Amino acid sequence: MGAPRSLADCTAGELRRLYAAGEASPSEAARAVLDRIAALEPTLHAYLHVDCEAALRDAARWDGRAGMEGAPPLAGIPLALKDNICARGWPATAGSRILDGFRPPYDATVTARLREAGAILLGKTNCDEFAFGSSTENSGYGPTRNPWDPMRVPGGSSGGSAAAVAAGEATLALGSDTGGSIREPGSFCGVVALKPTYGRVSRYGLIAFASSLDQIGPFARDVRDAALLLGVIAGRDSADSTSAPEPVPPYAEALTGEVRGLRIGIVKEFFGEGLAPAVAGAVRAAAGVLEGLGAVCDEVSLPHAVYALPAYYIIAPAEASSNLARYAGVQYGHRTAHAHDLYALYARTRREGFGAEVKRRIMLGTFALSSGYYDAYYLRAQRVRSVIRREFTQALERFDLLLGPVAPTPAFLLGEKIEDPFQMYLSDIYTIPVNLAGVPGISVPCGFVNGLPVGLQLIGRAFGEATVLNAAFAFEQATPHHTARPALAAPPRADGGAQARA
Amino acid sequence: MTLETVIGLEVHVQLETASKMFCGCAVEFGAAPNSRTCPVCLGLPGSLPVLNRRAVELGLRTAVVLGCRVHSESEFHRKNYYYPDLPKNYQISQYQYAGHPPLATGGRFLLEDGDAPHTVGIRRVHLEEDTGKLLHAEGRSLVDYNRSGTPLMEVVTEPDLRSPEEARLFLAQLRAVLQYAGVTTGRMEEGTLRCDANLSLRAPGGPHGTRTEVKNMNSLRSVERALRFEEARQREQLARGEAVVQETRHWDEQRGVTFSSREKEEAQDYRYFPEPDLVPLVVDDAWVAQIRTGLPELPDAKRRRYAEAFALPEHEARLLTATRPMAEFFEATVRGFDQPKIVANWLVGDVAAYLNTAGQEIEEARITPAALAEMLGLLDRGTLSGRLAKEVLEEMLRTGRTAAEIVKDRGLAQISDEAALTEMVDGVIAEHPGPVGDVRAGKDRAVAFLVGQVMKRSRGRANPEVVNRLLRERLGAPVQVQIDPKDPR
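Chains S and E supply the protein sequences, listed in that same order.
For our numbering, count along the first sequence from 1 and bump the result up by 1021.
For our numbering, count along the second sequence from 1 and bump the result up by 42.
In short, the hints are calculated from the structure, not lab data.
Heads up, a few of these hints could be off.
Chain S stretches covered by chain E per the calculated footprint, using a threshold of three residues with CB under 8 Å from any CB of chain E [to be verified]:
#1 1337 to 1344
#2 1352 to 1366
Capping the alpha-carbon separation at 20 Å, the derived lysine to any residue pairs in SDA-like fashion look like this [what the hints assert, rightly or not]:
#3 Lys432(E) <-> Ile457(E)
#4 Lys121(E) <-> Gly1393(S)
#5 Lys121(E) <-> Ser1392(S)
#6 Lys175(E) <-> Leu1363(S)
#7 Lys121(E) <-> Met1384(S)
#8 Lys121(E) <-> Ser1391(S)
#9 Lys175(E) <-> Tyr1353(S)
#10 Lys344(E) <-> His357(E)
#11 Lys257(E) <-> Arg516(E)
#12 Lys121(E) <-> Tyr1394(S)
#13 Lys1380(S) <-> Tyr124(E)
#14 Lys257(E) <-> Ala245(E)
#15 Lys175(E) <-> Tyr123(E)
#16 Lys175(E) <-> Gln1352(S)
#17 Lys175(E) <-> Leu1366(S)
#18 Lys121(E) <-> Pro1324(S)
#19 Lys121(E) <-> Leu1385(S)
#20 Lys344(E) <-> Phe151(E)
#21 Lys1289(S) <-> Pro1324(S)
#22 Lys1380(S) <-> His357(E)
Taking CB as the label site, the calculated pair distances span [said to hold, decoys possible]:
#23 Ser1392(S) <-> Thr441(E): 53 to 63 Å
#24 Pro249(E) <-> Ser1392(S): 18 to 28 Å
#25 Tyr123(E) <-> Arg1411(S): 34 to 44 Å
#26 Ala328(E) <-> Leu1363(S): 47 to 57 Å
#27 Phe71(E) <-> Pro1324(S): 56 to 66 Å
#28 Thr1357(S) <-> Ala285(E): 39 to 49 Å
#29 Ala1505(S) <-> Arg95(E): 48 to 58 Å
#30 Lys1380(S) <-> Pro159(E): 31 to 41 Å
#31 Arg182(E) <-> Arg1411(S): 53 to 63 Å
#32 Lys1380(S) <-> Ala179(E): 45 to 55 Å
#33 Arg1038(S) <-> Glu70(E): 45 to 55 Å
#34 Arg1411(S) <-> Trp329(E): 26 to 36 Å
The structure displayed is predicted, hence computed values, not measured ones.
For every residue, glycine included, the Cβ atom is placed at its ideal position computed from N, Cα and C.
Between the sequences and the hints, there should be enough to build the whole structure, so can you do that?
As C-alpha cells, then:
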C-alpha cells in the first residue's frame, strides 16, 4: 500500500491513527466516503437514504477532537445503518414499500449508542424486505449489486451494508442477522461480519423479523474494526427484556492473535452435498492456516443441524406473521387508496405494500400457528431448536470454536435464485443453525473463488465473542484476503469525484 | 323439574399503577387523545415491551388474597387479531395451556351471604394489556391510544355461582377486596372494573347446559339485571323445547334485554404463541412472602376494627367497610371531626340515602370528607340545628358547596341572640292569646305549640332551647324541657 489511499478505504483503526496524527480530519473522511457513495451508488444501490448534510455536520463536530485523548471510540468514523434500524427522523422502510414515508420519532438503542460514541451516521442501507432473503433482491426498492461483480448479488438480507463497507461507501456498518443475514453478505462481499450471541446487542429499534432470532451486528473491513464496533453496541439495555446482563469484555484487548492450543471443531455436516468444492477447499485451507498457528482442529458432528432449516422456516415465519401484523395502513406507512371498509383497508394495504416473499412467509407462519397445526409445526420446530441448541452447547464444551463455510457458494448471479425460494433458502443452510442455537458466528474473508470472495465461519460459545474475534484476528493476520478491495471501489478520480448527493 | 342456574364470571380489572404494562407512559383517565403514548404503546416498528414490575406485584397481591397458587414461572403470549384499537394487531396476554400456566391458578373466595357463606373457586389470575379506544364521528373513525397498554388483570371464577343475586354479591365483595388490596379503583362506570358472565341452566347436579356469554354490563346492578334476564330467557327457551345457542350476548341497559351480538361463533383462531419479546416471568417464594406481609388491611379486618374501636353496630361497620372509598371517606372525615360514632351515623344515614337515590358511589359524591367534617363541626357548636344540618347536607351533596358557604348565603346560622329572639317570642305571644292562656292555666303542652310558632317565624333558625326558656320566663311556666342541639332528629 505505498500509494496514498482514499480515506474511504481506510479502516476505522487507520482513521483514528490519522486523526490522532493530525493527518486527516473527520470532515475529510466523511467527504471521501460521500464522494465514493456518489460515484458508486448508480451501480451498487447500497443505500436507500443518504443524509450528506447530517453526515458532514456530525463530522465537523469531531474535527480537531477525534484523535484526542478522551474522544469516544467511534469519533469521526463514517458508518451506515441497515434500513431496519431506526434513527430518529430518517426513513425506516426495512426494504418494504409498506413503510413508505414512515420516519420513526425515536432512535434504536444501537443508534443512540453510536451517536454517543461519536460515529458519523451516513444513512440507511438497502436490504431484503423485512430482512426476508439472502440476496437483497427482495427489497421493495430494487436490488443492491455486489461490488466484486455488479452482475451478482451482495448476499442478504444486509446486502446494502455489506456492499457499502466492501466498496468504501462506509467505513463500518450495522446489519441484522436472523438466519445468516449478516454473515452471508459478509462472505459474498469479502468483509468481516459478526452475528453476536442472541441478547448481546439490544434489539430496541430494530424492525422485527423473528424476535427470538434477530440480532444486530457489525460489518467492517477488518476484525479489529468489528471488535471496536461490537464493543460500542453490546450490552444490557433496559428497553429490551431479552438483552443479556453479561458484562461486555474489552474486545480489542482480546485480539492477541494467539490461538495455540485452541480447540476447533470442524462441523462435518457443513461439508456435505451442495457445498461448492472450491468453497470447501478454501474453508479447509483456512482450517489448515489456524492449525499452522497452533490451533487443534478435529471433526465434530452436529447430527441434527440438518433439521435447522425446516425448523427455522416454521419458527421465523411464525414470529414474522405476528410481527408484521401491525403493517395494516392504520397508523403509518402505506395505506391503500381503495378501501371501502375495514377489512378492505387491511387486505388491500397489505396486498399492495408487501412483496411476494413477505406474503409467502406470512402465509407459512400463519399456517404454522393455526389451531390444530400448532403442535405439529410450531411446537415441534421449537423442540428441534432445543435439540440443536443442546447439540451446539455440547460440541462447544469439547471445542472452543466450531468452524465451517458461511454459504455453499460465492455470490450468485442476480435473478439466479429469485424464482426458486427453496434454492434461495439453502444459501443459509450453514448459518441458520447458529441462530437457532443463539451463539455467535463470524464471517471472515478466507479466499477467492473465480475472483469472488469466500468467507470462513467461526462459531463460539454464548457470549464468547472475544474468542471468536481473536481466532478471526489470528487468521486475518496470517492471510492477505481482507486487504483485497473490489476494483469498483478504486480510489476516486483526481478531481475528487462526483459530488455527493442525498 | 326446577333447573339450576350456573354462573361463572370473568372479571377484568385495571391495575392501579402509575405507568402502563409495558412502557413508562402514564395511566391517566381523560387526558388529551394520544398524549399519553410512546413508540411502545403505539406499537411502532422496532419498539419492544418491558414488563411493569408494579403490575406483577398487584397481580401477586390478588393471587395471595384469593388463595391462589402462584406459578414460579409463567409466560406471556400473543393473542393475534386485527382491530384498529390494537396497535400491534396482537394483544400481549397470558394464555393458559398444557405446561404454560398463567400468573396464578386455583384459588378460593369466601362469599359472605347472610348466614350461608360459601366458597367460589378462582380458576386463574392473569395479566394482559388493554387496547386503545375507537371514536366514531361524522363518518370517520379515530383512535385514541392513551388506554393502549394499560395494565389489566383478569380473574376467572369457576362456575360456582348459582343466581344473579349471588353473582352481584360476589362481584361487590371481590371488588371490595381488590380495592382494599390497592389493586384497583374498581369503578365499573369508568371501566376500571369490567365483567363478562357465562350463564347456563342444568338439572341440579346434572351435566352443564349450553352457556351464553353476557357482555357490556356497566354496574353491579346491571350485572344482576342482565343475568336475571338471561336466566329467564334461557328458562323460557328450554321450556319451549328449544335449545340454548352458545353465543355472546350484549346487555342493553336501556331496554333491559340481552341480544345476540351475531358474531360468527366459529371459534376465532387467535394463534396464541409465547411472546418472544419478553422473558418468562419468574416469581420466587421470597417475593410472594414479601407480598403477603405487605398486604394492606382487608375489609374483614377493618370491619372488626371499626366495630371494636369505634363501638359501631355490626351493620354500620359493614356498610362503612363495604368499599375502600367509603372506608377512606369515613376515616378522613374522622380526622377532621373526631367523633366517629356521629360521623358513622351521618354517613350510613343521610349521606348513604342521598347517594342511593342519586345512584352514586361515595367516590363520585360532590362532598369531601373535609366538608362533611366542617358541617358536623357547625352542628356540634350549635351554629346549625339538627334539622338545618340535614338541609345543608342535602345541598352540599347536590352542589358541592361547603356548609359555611350555604349557611352564609342563605342566612341559615342558628339565632341564639336573646334580644332578637325576645322580639319574636313577644310577637308570637301577642298573636296567640288562646295558647298563651292555656300555658298560663298550666297546660304545659301549649308551650311546644308556641315554640313551633317562633321556629316558623325564624324560618327554623331560632335556637329552640333558648326560645323555650324565653317563653317559659315570659309566661311563668316551669323550665323543664331540654332539647339536645346535637340530635339531628
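A quick look at each hint next to the structure:
Proximity of the region 1337 to 1344 of chain S to chain E, defined as three or more residues with a beta carbon under 8 Å from a beta carbon of that chain, is established by the 4 residues found. Check result for the region 1352 to 1366 of chain S against chain E: holds, 3 residues qualifying (beta carbon to beta carbon below 8 Å, three or more required). A distance of roughly 17 Å separates the Cα atoms of Lys432(E) and Ile457(E); the hinted pair therefore holds under the 20 Å criterion. A distance of roughly 16 Å separates the Cα atoms of Lys121(E) and Gly1393(S); the hinted pair therefore holds under the 20 Å criterion.
At roughly 12 Å between alpha-carbon atoms, Lys121(E) and Ser1392(S) fall within 20 Å of each other, so this suggested pair holds. This hinted pair checks out: Lys175(E) and Leu1363(S) have alpha carbons roughly 16 Å apart, not beyond 20 Å. Between Lys121(E) and Met1384(S) the CA atoms are separated by roughly 17 Å; this keeps the pair inside 20 Å, and the hint holds. Using a Cα cut-off of 20 Å, the hinted pair Lys121(E) and Ser1391(S) holds, with the two alpha carbons roughly 12 Å apart.
Our distance criterion of 20 Å between C-alpha atoms is met by Lys175(E) and Tyr1353(S), whose separation comes to about 18 Å. Taking the CA atoms of Lys344(E) and His357(E), the gap is near 13 Å; set against the 20 Å cutoff, the hint holds. Proposed proximity of Lys257(E) and Arg516(E) is contradicted: the alpha carbons are some 71 Å apart, above 20 Å. For a cut-off of 20 Å, the pair hint linking Lys121(E) to Tyr1394(S) stands: about 16 Å separates their Cα positions.
The hinted pair formed by Lys1380(S) and Tyr124(E) meets the criterion: a straight-line CA distance of about 17 Å does not exceed 20 Å. In summary, the hint linking Lys257(E) to Ala245(E) is not supported, as the alpha carbons are separated by about 25 Å, beyond the 20 Å threshold. Between Lys175(E) and Tyr123(E) the alpha-carbon distance is near 16 Å, which keeps this suggested pair within the 20 Å criterion. Distance check on the hinted pair: Lys175(E) and Gln1352(S) sit about 14 Å apart at the alpha-carbon level, within 20 Å; holds.
Of the supplied pair hints, the one linking Lys175(E) and Leu1366(S) holds, its CA atoms being roughly 19 Å apart against a limit of 20 Å. Among the hinted pairs, Lys121(E) with Pro1324(S) is inconsistent with the structure: their alpha-carbon atoms are about 35 Å apart, more than 20 Å. Using a Cα cut-off of 20 Å, the hinted pair Lys121(E) and Leu1385(S) holds, with the two alpha carbons roughly 18 Å apart. For a cut-off of 20 Å, the pair hint linking Lys344(E) to Phe151(E) stands: about 18 Å separates their Cα positions.
Only pairs whose Cα atoms come within 20 Å are accepted, and Lys1289(S) paired with Pro1324(S) is accepted, the gap being roughly 9 Å. The straight-line distance between the Cα atoms of Lys1380(S) and His357(E) is roughly 66 Å, outside the 20 Å bound, and the hint therefore fails. Range check, Ser1392(S) to Thr441(E): about 57 Å between beta-carbon atoms, so the 53 to 63 Å window is met. Between Pro249(E) and Ser1392(S) the Cβ separation comes to about 25 Å, which falls inside the hinted range of 18 to 28 Å.
Between Tyr123(E) and Arg1411(S) the Cβ separation comes to about 35 Å, which falls inside the hinted range of 34 to 44 Å. The hint said 47 to 57 Å for the Cβ distance between Ala328(E) and Leu1363(S), and at roughly 48 Å that hint holds. Distance hint check: the CB atoms of Phe71(E) and Pro1324(S) are about 58 Å apart, consistent with the given range 56 to 66 Å. Distance hint check for Thr1357(S) and Ala285(E): the Cβ-Cβ separation is about 43 Å, which falls inside the suggested range of 39 to 49 Å.
The supplied range of 48 to 58 Å is met by Ala1505(S) and Arg95(E), whose beta-carbon atoms lie about 53 Å from each other. Between Lys1380(S) and Pro159(E) the beta carbons are some 59 Å apart, a value that contradicts the proposed interval 31 to 41 Å. Between Arg182(E) and Arg1411(S) the C-beta distance comes to about 55 Å, which sits within the given range of 53 to 63 Å. Hint check: Lys1380(S) to Ala179(E), Cβ distance near 35 Å, so the stated range 45 to 55 Å is violated.
At roughly 54 Å, the beta-carbon separation of Arg1038(S) and Glu70(E) lies within the given 45 to 55 Å, and the hint holds. Checked against the hint of 26 to 36 Å, the C-beta distance between Arg1411(S) and Trp329(E) comes to roughly 30 Å, which is consistent with it.
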